[in-house]
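Turn these sequences into a full structure, and let the hints steer you where they fit.
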Amino acid sequence: MAVTHDVSPRLDDLVATAHRIREAIESVIEGKSDVIRLTLTVLLAEGHLLIEDVPGVGKTMLAKALARSIDCPVRRVQFTPDLLPSDITGVSAYNQQTREFEFKPGPVFANIVVGDEINRASPKTQSALLECMEEHQVTVDGTTYALDAPFMVIATQNPIEMEGTYPLPEAQRDRFTARIAMGYPEPAAELEMLDVHGATSPIDKLEPVATTAEVRALIEAVRAVYVSQPIKKYAIDLVTATRHSPDLRLGASPRSTLQLVRAARAHAALAGRDYVIPDDLQELCLPVLAHRLLPSVEAQGQRRLPEQVIADLVRRVPVPEAQAR
Numbered sequence: 056m057a058v059t060h061d062v063s064p065r066l067d068d069l070v071a072t073a074h075r076i077r078e079a080i081e082s083v084i085e086g087k088s089d090v091i092r093l094t095l096t097v098l099l100a101e102g103h104l105l106i107e108d109v110p111g112v113g114k115t116m117l118a119k120a121l122a123r124s125i126d127c128p129v130r131r132v133q134f135t136p137d138l139l140p141s142d143i144t145g146v147s148a149y150n151q152q153t154r155e156f157e158f159k160p161g162p163v164f165a166n167i168v169v170g171d172e173i174n175r176a177s178p179k180t181q182s183a184l185l186e187c188m189e190e191h192q193v194t195v196d197g198t199t200y201a202l203d204a205p206f207m208v209i210a211t212q213n214p215i216e217m218e219g220t221y222p223l224p225e226a227q228r229d230r231f232t233a234r235i236a237m238g239y240p241e242p243a244a245e246l247e248m249l250d251v252h253g254a255t256s257p258i259d260k261l262e263p264v265a266t267t268a269e270v271r272a273l274i275e276a277v278r279a280v281y282v283s284q285p286i287k288k289y290a291i292d293l294v295t296a297t298r299h300s301p302d303l304r305l306g307a308s309p310r311s312t313l314q315l316v317r318a319a320r321a322h323a324a325l326a327g328r329d330y331v332i333p334d335d336l337q338e339l340c341l342p343v344l345a346h347r348l349l350p351s352v353e354a355q356g357q358r359r360l361p362e363q364v365i366a367d368l369v370r371r372v373p374v375p376e377a378q379a380r
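Using my numbering, read the sequence shown as starting at 56 and increasing by one per residue.
Keep in mind that the hints are not guaranteed to be accurate.
Label-pair distances were calculated between CB atoms; the ranges are [as the list claims (entries may be wrong)]: (1) D196 with E376: 53 to 63 Å; (2) R65 with A201: 22 to 32 Å; (3) N150 with A272: 31 to 41 Å; (4) N150 with R298: 44 to 54 Å; (5) P224 with D203: 19 to 29 Å; (6) L360 with D67: 31 to 41 Å; (7) D367 with A148: 47 to 57 Å; (8) V374 with R278: 16 to 26 Å; (9) R75 with P214: 27 to 37 Å; (10) T199 with T135: 25 to 35 Å.
In silico lysine to any residue, SDA-like type, Cα no more than 25 Å apart, as pairs [to be verified]: (11) K179 with D108; (12) K288 with R370; (13) K159 with A204; (14) K260 with R131; (15) K288 with A366; (16) K287 with L313; (17) K179 with P222; (18) K179 with V195; (19) K260 with D89; (20) K287 with V70; (21) K179 with S141; (22) K159 with S147; (23) K287 with Q363; (24) K159 with F206; (25) K288 with K260; (26) K179 with V129; (27) K159 with E186; (28) K179 with S308; (29) K260 with H74; (30) K287 with I332; (31) K288 with T312; (32) K159 with S182; (33) K179 with D126; (34) K287 with R298; (35) K288 with R371; (36) K179 with D196.
No lab work stands behind these hints: they were computed from the structure.
Note that the coordinates shown come from a computational prediction; the quantities given were computed from them, not determined experimentally.
C-beta atoms are modelled at their ideal positions from N, C-alpha and C, and glycine is treated no differently.
So this is what it looks like as structure tokens:
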């Protein structure tokens, strides 16, 4: 039986506000509507986004466009091999006048933190983001400082085969809700880019179209999206299937189950629904799970990617039947 529901005014506001943000980003990034939609999904799911692709396809531009479309504190960090953890989290400095140590907040104290080329920093510096991303707080010299909501890390990285990079460890990748690849633009979009970006960059003219308070309200509305017990079990079945696949030597973690459901709530809300359906989970399985998985030696020999394994699992795992709320 079909699910019946009444779309709340808050959900209508969410769709309208998200549409404004999407249009603002699309004025800078041409021909990438799916990527932009997933970026907004991660934002409303209170998650973090990893953008991985070759140089020059607009990874940093996407992150900066999202940051500029929201009227909130934004900080950008260029990751380099000599970057220290304190350069991100902040440091306690001695004040000669007061003769006391004062905490100098680092760039992580912002609503949106853009980490450019995160895999160029050392593992020690990369790990400085672990507590921030998971617990939304920073601990320096035994003192814990809370981060303001919303808090989102948008990190970009080049493929690890490129010179001078440090692959993100499994624990760090697991903190990112989703990983996306920009891909090369279509010829028509690239031609438009030459016309639009030829003289000036459109991001310089991008004005905020939403406030921090509005984004917080949108996140609250997403939290209220209904997830039935069969849908929750379906999410668990999908994640569990990765742990038993012979093609994988590392399956998805329990954290990934939680983030998959959170992202599904946001995905449903952006579609104007106040309930999650199996299609939401199926569409998000690839970006939410693939970067957390490690292929087995046999799968590597056959050049079988985690993305292919996930596609097979989605086809094999039974889909729950529709139920009334």
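If any of the earlier hints don't hold here, list their numbers in rising order. The structure breaks hints 25 and 33; every other hint is satisfied.
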